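These protein sequences, in sequence, are chains A and B. Here the working numbering runs 6 ahead of the position in the first sequence, where the first position is 1. Here the working numbering runs 29 ahead of the position in the second sequence, where the first position is 1.
Derived from the structure by calculation, the hints contain no laboratory data. All figures in this text were calculated on a predicted structure; none of them were measured in a lab. A hint or two may mislead.
Said to hold, decoys possible - Pair by pair, the computed Cβ-Cβ distance ranges are:
(1) F75/A <-> G108/B: 21 to 31 Å
(2) S178/B <-> V111/A: 12 to 22 Å
(3) K66/B <-> L41/A: 48 to 58 Å
(4) I78/A <-> V182/B: 51 to 61 Å
The C-beta atom is built at its ideal place from N, Cα and C for all residues, glycine as well.
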Amino acid sequence: MDTLKKTKLINSIIIGATTAVLFIIAITITADLYLPLKDWMKNNFYHHWVGKGILSIVVLVIVSILARFLPISSNQEKTGKILMLLSGVLIFGFFAIFGFYIFEVLWK
Amino acid sequence: MSLLFKFLLISHVFSGMLGIILFSAVLFVLIKKLDSKRIKFLRLTSLWGLIGFLLSWITGGYYYVYYYGALVKPIIKAGPYPWAHSILMEVKEHVFLFLPFAALIMVLVVYLFGEDFENQPKIKNAGIWLATTIVFIGTAITLMGMAISGAVVK
């Protein structure tokens, strides 16, 4: 596989994974604040946690495919940047979910 | 607890720990100057780390859905440390969903760009940050799991 194809492929999957992590953060907080969403996942996927897992995989696949065919410039410098963005989103997600559940227990 | 759930719980802990140890190895090797031998090591180690996280995801998920929710959660909620479920387990079960995605990206980066790392310091540095993040989240989740186990008091 040539470098351009490799870069394009990895960049699109990193964008897909970053979006999937953002989706998990959003659906976790939203489903706890808006119970019909949690119930919808329970009804359709047996358990809300299973629903979040399956839906996040769907988000990864769809966004990766879309990003692959979007006319975004692909170079290795960009790969470094979006990889750093993924790490930042992971750390943000960890503290956002932690903070949210502390808030739920202490102040709700 | 049936033999199946004992097996699932032990597998969840061991495969998760294996994933963290392997990604710690990835991190420590990535910091060094890479030659073909170390690149091969990174590829195998990150792949097995991903497999460890996926196994931990599946076994832990099955245990959580079919055993923990019905039998363990009510004991914790009625005990002296209900926050162990309300905060720690809620955080653990959701943040755990991040790890297979992060690990998959690490594997792909190492497989596709392993040879280019020394010429592309920005990708290598970003890989070091991603491996650090995986180890940090994995370790935090492990400590939460230990605290949750300790909160099961009848």
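Here's how the hints hold up against the structure:
1. Checked against the hint of 21 to 31 Å, the C-beta distance between F75/A and G108/B comes to roughly 53 Å, which is inconsistent with it.
2. Range check, S178/B to V111/A: about 19 Å between beta-carbon atoms, so the 12 to 22 Å window is met.
3. The hinted window of 48 to 58 Å between K66/B and L41/A holds, with their beta carbons roughly 54 Å apart.
4. Checked against the given bound of 51 to 61 Å, the beta carbons of I78/A and V182/B, roughly 53 Å apart, stay inside it.
Hint 1 from the list above is the single one not met by this structure.
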